[in-house]
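As given, the protein sequences belong to chains A and B, one line each in that order.
Positions 4 to 396 (the numbering used here) are the ones given, in order, by the first sequence.
Positions 4 to 599 (the numbering used here) are the ones given, in order, by the second sequence.
There may be inaccurate statements among the hints.
[Said to hold, decoys possible] Computed list of lysine-lysine pairs in DSS-like fashion (alpha-carbon distance at most 27 Å, straight line): (1) A:235 x A:223; (2) B:17 x A:207; (3) B:135 x B:48; (4) A:235 x A:331; (5) B:17 x A:307; (6) A:314 x B:48; (7) B:541 x A:223; (8) A:314 x B:138; (9) A:307 x B:138; (10) A:214 x B:17; (11) A:258 x A:116; (12) B:406 x B:493; (13) B:586 x B:541; (14) B:586 x B:366; (15) A:116 x B:275; (16) B:218 x B:275; (17) B:73 x B:17; (18) B:365 x B:316.
What the hints contain is simulated information worked out from the structure, not anything from laboratory work.
In this text the structure is predicted, and so the values were computed from the model without any measurement.
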Amino acid sequence: MMFNLKTDRSQYPQPGPDGKLEIDLETGKYLKLWQGPNHPGITGNMSVELTVCGDEVVAGKTHVGYLHRGFEKLMERRSFIQVFPIVCRVCVPEPDFNEYCYAAAVEELAGIKVPELANWMRTLILEMGRFNSYMMFLGGISGALGLGVVGQWMTYVRDLMLDRFEELTGARIYHMFILPGGVRGHLPDGFAGRMEEVLRTAEKYLADVEKVMFRNAVYKRRTKGIGVIDPKLFEPYGVTGPNARAGGVAKDLRKDAPYLVYNELDFEVQTGKDSDIHTRVDVRYRDIHQSIALIRQILQKMPKDGPVMAKIPNVLHWQIPRGETYIKGESSRGEYGYYLVTDGSGYPRRINVRGPSYTHAMALLEHLIPGTNISDVAQLMVSLHTYPPEIER
Amino acid sequence: MSLRDVLSPYTAWKHLFEAPVTIKDPIGREAAERYRGFHQNDLSKCIGCGSCEDICQNAAIDMVPVSDPKTGDSGLRPMIDYGRCCWCALCVDVCMTGSLTMSNEYTWVDSDPDAFRFTPGVDLKSWDAEEKGYKRENNERRLTGTHRPEMGMLEPEARIASFGEIVHGYTRAEAVIEADRCVECGLCVATCPAHMDIPDYIRKVREGDYEGGLKLLYETNPFSQTCGRVCTHACETACAAVHEGDAIAIRWLKRDITDNVPRERYFDLISKPDVPETGKKVAIVGAGPGGLTTAFDLARAGNEVVVFEALPKPGGMMRYGIPEYRLPYDVLDHEISVIEKMGVDIRCNQRIGTDITLDQLKKDHDAVVLSLGLNQGRSTRVPGSEEAESAIDLLRRITAGDKVPVPKQVAIIGGGNVAMDIARSMARLQRQKHGEVGVTVTALEDFDHFLADDEEVEEAREEGCVIYDARGPQEIVVKSGKVAGLRTWKCKAIFDAEGRFAPKYDASDEMVHPAQMVVEAIGQSADISLLGAELTEKLEWNRGRIRIDQNGRTSEPWLWAAGDLVSGPDVIHAVADGHRVAKSVSAMLQATRETH
Ligand code: SF4
Ligand code: SF4
Ligand code: SF4
């Protein structure tokens, strides 16, 4: 071995008998270090206030709020149709989940049945969104480890998928396509063929990622056994999605509580055992391939024709009877949900967005940080795959 | 750690000499066919309804005046602020005419930040004619309803058997669906002669607040039950919804409100305001919609109002001109009883000029309002026309319960709604007497320019009437002193090059319609003999009509005129007139009180 990676821990503070660390900044032994809110090792705009001793982090506090735009409150002052253009903004890299959850919640409370083809289209869009979200993730995790080229490849592949989004929905980032009642349009002519080209290109670049990242000694050293989440934490910390699946929990809402057309699709829940950064990335990597397969499956199985919009009331004075519902789905980061309360008026009484990042990026991260090396904080955070905008609705 | 794990990353170098994956210069890249880019507005279609402004959650749209609006539109057009717009295209989806679309253009550079606030279609842009860009799929408007529920009606067989009301009125569910379609743009309000508060009363239907709705109706129209059935509904031609699908059934929704408030509740809801008595007296001649609306307003303002009606019952042309199957008499009676509750004294069988003179009225009252209906039929003056019946006279006699002759075959001259009314009334009487219908209608106009409403024509046909278009009457055939038929020629043109009435006929295309009764339904006029020679001389006239100012006042300061006499045959115009005159009379009375 070329490097001595063993650390002399004698100089580091030892926890007291209650397991708690007494940190006295006056002693001069500690340093406060802010990672974020603008930092290449932070996903989105948030920050971690690190207390370090030497190069080891002894405590970390997460700070959010840099992105707060008051969406939930804003939505209470918008009519049901006016909420539609807002929701996608709650999560930039995977906006479609917001569109789906909101639409489904409205449809349930208003008693609207969505045409079958619209459900297929929605599933397609969600898988395209998942794929793109993972592209961002791979770019992020590789970037945190200094593998910049992977980020560029993934950005390219994501861009190709954005082209497909653009031709299908009319926009690249904020698609605003899943409307309460259905979706806004049918597939453009020749869409499946162009999608297939994108998927093939994606597979080609993913094969390169396999070689450059997964078969990379440095990558392995810096991800294996690091940032392990004890599966016992999954329940109390509300850990879902790939973060939990990498710890052996085969939970996936697409299987456990099938929505849209997932029960008509063949796929498996991707899991791992080690619950470390490496496994989490690996689970996602396999999930990408599964999304690719799902997109192909959907395009092949979906009905060729039919309506895509149900009849909805006049949206300019749409009132929805008193009720409440929680609509959830499996986003690329875990359970994503919308809690909608209506009171019979033309406005939502309350909308609450349950984004997986809320627990993953704050409580869980704070718990995982102590004891890590400063240089590992970035990949630890990225490995949780969190998007601050959905923390701050 | 294997050697492979050290070497493998270097495989990335195989891309070294490839072209970069990023696009060097994204400007000029054409966006997708459906891309939601910059807005376009086809001004020849846009009506300025403002639905786009309503839906925009970013308040990016402001309706601004334009210099050359179309008739019937609001004169406003959407100005969009690209500092606020999020390109959601809800404005495109909701647009009531399909005028608003988006191009796939997405780059626009300008050093002036205000340039990005623009009025598409007015401020010309390079993308105005761009075909590509976001359009609604199949140009379907899916965010608001496009079609009205069909109105329930008696089947032809059932309706021809009696004079019972044909139209059932909406069920609650149908009314809600229909009321839901209204986008509350208010374009209709300007077109309604009485400027009824249409969007608000439609909202009351939606909310099920019928009593609130009734109060709203009475703010502008004491004949809402009548209008809810027989209004000419000019509002519906101006309705924003008419451009893509059906206009909102404004008339039926008005009726829905009036039908859903129990009759006795009217008297509680429409109570007389607590105002002091003015001590002024107003006489109104004619108990039609114009006169009674004036009476309603003036009585509510604390004046003593007396209405003089020549016929045995009040209602004017509403009662004696409109057949019962369209407007049941009990509806009219109830409507008038609400007006009487305001303290209006209606004196029937009082013919001015015969039973009491206009001079007397002038002496006994502070103001006099003339509200005469068009109750005299016009004649074709073709040979034999002295043997013809007048439609309006026949209708009156049917209503009054007089015995009218009901021959097996009747020919009608005329193609307007009155012609349809008499045709369908005679058809019912024939059915009762002979068991079958034998009515022939001959209209001067061809079907492309027909005067009667489409549904009137359709229903008349369903009831067994035969309708000929483009036929001009030449002679009423009289044999041994009895009407035997109507001779018509094909009409080639009605007006001459100057637009004057000068029908041209093709004598070779002749028909003789056998009939034992011929009815003329070619227009009506008012009987103004009651004015007397002296007053007729004194008054100013305008092409045969009494000249009035914009408030309905004649050149005689004590005399006002309202109703069909000044605005032509239409209930809602008469109602509007009534309000106008009442306001003017009130102002005059107020002024005299202040100066005395
Ligand atoms: S909705 Fe359409 S028709 Fe109405 S104002 Fe806007 S652009 Fe014009
Ligand atoms: S596209 Fe959306 S945000 Fe822009 S003007 Fe239209 S409704 Fe408003
Ligand atoms: S009835 Fe028609 S014109 Fe009137 S407010 Fe409603 S949509 Fe607009």
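A quick look at each hint next to the structure:
no., hint, in the structure
1, A:235 x A:223, "holds, 25 Å"
2, B:17 x A:207, "holds, 13 Å"
3, B:135 x B:48, "holds, 19 Å"
4, A:235 x A:331, "holds, 23 Å"
5, B:17 x A:307, "violated, 41 Å"
6, A:314 x B:48, "holds, 25 Å"
7, B:541 x A:223, "violated, 111 Å"
8, A:314 x B:138, "holds, 19 Å"
9, A:307 x B:138, "holds, 22 Å"
10, A:214 x B:17, "holds, 12 Å"
11, A:258 x A:116, "holds, 22 Å"
12, B:406 x B:493, "violated, 34 Å"
13, B:586 x B:541, "holds, 25 Å"
14, B:586 x B:366, "holds, 22 Å"
15, A:116 x B:275, "violated, 50 Å"
16, B:218 x B:275, "holds, 12 Å"
17, B:73 x B:17, "violated, 66 Å"
18, B:365 x B:316, "holds, 24 Å"
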